[in-house]
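Keeping their order, the protein sequence lines are chains L and C. Okay, so the first sequence: first residue is 8 according to the working numbering, each after it adds one. Okay, so the second sequence: first residue is 356 according to the working numbering, each after it adds one.
Simulated from the structure, these hints should not be mistaken for laboratory data. Just so it is clear, the structure is predicted and the values come from calculations on it, not from any experiment. Think of the CB as a built atom: it goes at the ideal place given N, C-alpha and C, for glycine as much as any other residue. Among the clues, some could well be false.
[As the list claims (entries may be wrong)] Chain C is faced by these chain L residues, among others (derived, beta-carbon under 7 Å): (1) A162; (2) R164; (3) L166; (4) G167; (5) A168; (6) P180.
[What the hints assert, rightly or not] Ranges between beta-carbon positions, derived for each pair: (7) G126(L) - E465(C): 57 to 65 Å; (8) E465(C) - L68(L): 44 to 52 Å; (9) L15(L) - E376(C): 54 to 62 Å; (10) E150(L) - S539(C): 38 to 46 Å; (11) L15(L) - G481(C): 29 to 37 Å; (12) R471(C) - E150(L): 35 to 43 Å; (13) D488(C) - A25(L): 37 to 45 Å.
What follows is the residue order along each chain.
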Amino acid sequence: MRFLERRLGFVGFCSFLAFVSVWEAVTRGGWIEPLFLPAPSRVLQRAVLMYQDQNLVVHVLASARRVLVGFAIAAVAAVPLGILLGSSRLLRAAVDPLLSIIRPLPSMSWIPLSLLWLGIAESQKYSIVFMGSFAPSVLYVMEATRNIDPLFVRAARNLGASRTAVLYEVVLPGALPSILAGLKVMLGIAWTTVISAELVAAKTGLGFLIMNGKEYFLTEQVLLGMALISATVVCIDRTFTWVERRLIPWRVEATR
Amino acid sequence: MTLIEIANVSKSFPTGQGPVEALRDIHMTIEPGEFVCIVGPSGCGKSTLLNMVAGFEQPTRGQILLQGKPITTVTSRCGMVFQQYALFPWKTMAENIEFGLKMQGLGRVERRERIREYLRLMGLEGFEDAYPDALSGGMKQRAAIARVLANDPEVLLMDEPFASLDAMTRQLLQEELLRIYDVSKKTILFITHSIDEALLLSTRVCVMSARPGRIMASLPNTLPFPRDASAQLSETYLRLKTSIWDSVQAEVQKTLRLKVSPS
Ligand SMILES: Nc1ncnc2c1ncn2[C@@H]1O[C@H](COP(=O)(O)OP(=O)(O)OP(=O)(O)O)[C@@H](O)[C@H]1O
Ligand SMILES: [Mg+2]
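Okay, chain L solo, but in the shape it has when bound:
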């Protein structure tokens, strides 16, 4: 199993290498104008240059921090609210109309209002990420809560659990795998949100890097920004999976 995984990982690495090589060859050969598509080596050069200026790390960290802070606030608020909504029909009836108003609004549509209220400050970026991920997260958690096998609730009550004890002893852990899966999707979406916010109004961040590159016709900087978004998202995704495994050890054991 491990062996096979490593082999497959190697195959993936090779195909990535092949892709970069073809790209390099095509651009070096002069078939494509460097302004439209610079060679990967040029992108790398740009990366080294910006790294030496200590700019690069600043941009990556700026975007990552905005995503993580905005998303963490959204998740911390969404998980308890979603669980309560999932377990109470009355609450659901009360909050459902509000959620259906907020949910369809794309996070971009909040940018003007948030600029008006918060200016170009960091809190404005956080709020955009929050607005983009809060409502969908609540819905994910609510669905996860409602999908719990009622048999578990019966068993817990039968063993003497109060209704509140059922919430944190049964509903929360029972829904946790789907909650985490939902939050993972939301984290990906939070990234698109923050980039769109940075494209509009920011002095740092990967979105700014891309926009800035475009304005100065530095296509390699645009590509560098894009590559860094991919790399950061992959890193955060890996970390999330690692945390997920530790939070739901019973799943890991069962699938082994």
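Fit chain C with the ligands to the supplied structure of chain L, relying on the hints for placement.
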């Protein structure tokens, strides 16, 4: 004193096509230390009856008394063992057994001791840190029984607990249940489809009619303890089985006729 009294209980469920009458006028008493098996055709309301004793549902008419007091809500004094085990997948075997004790507010030391005791009783030593999904059905049902027993309920309610196990495991668990019944002296109310299982385990067999369920017969099971599979060869066994079979068969045919008839 009578432990459980089911006093003229009827139950109907509201549905789109009007109310479905599941149980009609059930009257039944269970004395402390009895092992009562209920047999009856599918859909006759056995689970409904057990769910009402557990307090999951309320009778439409009549009431169920536990030691003279009506059961109005879910109570841990009637411990339920489900056919689908209902072990919490996110808890280890030991944590599952611990659950009821924690809910009772028992201290850590005492909890640990009880967990060990019931792991030993059900032959689960060495599996305390395993998660349920990694274990076989037989192991899971053992843990589910341990979890309920550790909570020390007045009555053990079992709804076809061995129905989804393979024949060999089922026989093993039946024998273990007899052993536990012998040492714990718990009162047990047990539902099954199998007359053989009812005769092997019970001190009394109740036969239910087709829907709406009523108690048609209540036969003391005079087979001597300790019992094992060889009890099936005795004459008493055959006589009991024949009389139960006769009443069940009449009821099963009634349900079949109901299903076949075009009205
Ligand atoms: N919540 C409910 N709503 C409507 N009808 C119900 C409900 N629960 C049970 N019934 C009906 O009541 C009758 C008795 O159901 P119950 O599950 O108690 O039967 P059972 O004897 O346990 O059957 P089985 O042997 O198949 O487990 C069935 O006809 C069933 O369709
Ligand atoms: Mg049933």
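Verification of the hints:
{"no.": "1", "hint": "A162", "verdict": "4 Å, holds"}
{"no.": "2", "hint": "R164", "verdict": "4 Å, holds"}
{"no.": "3", "hint": "L166", "verdict": "4 Å, holds"}
{"no.": "4", "hint": "G167", "verdict": "4 Å, holds"}
{"no.": "5", "hint": "A168", "verdict": "5 Å, holds"}
{"no.": "6", "hint": "P180", "verdict": "4 Å, holds"}
{"no.": "7", "hint": "G126(L) - E465(C): 57 to 65 Å", "verdict": "59 Å, holds"}
{"no.": "8", "hint": "E465(C) - L68(L): 44 to 52 Å", "verdict": "51 Å, holds"}
{"no.": "9", "hint": "L15(L) - E376(C): 54 to 62 Å", "verdict": "60 Å, holds"}
{"no.": "10", "hint": "E150(L) - S539(C): 38 to 46 Å", "verdict": "42 Å, holds"}
{"no.": "11", "hint": "L15(L) - G481(C): 29 to 37 Å", "verdict": "35 Å, holds"}
{"no.": "12", "hint": "R471(C) - E150(L): 35 to 43 Å", "verdict": "40 Å, holds"}
{"no.": "13", "hint": "D488(C) - A25(L): 37 to 45 Å", "verdict": "41 Å, holds"}
The structure meets every hint from the earlier list without exception.
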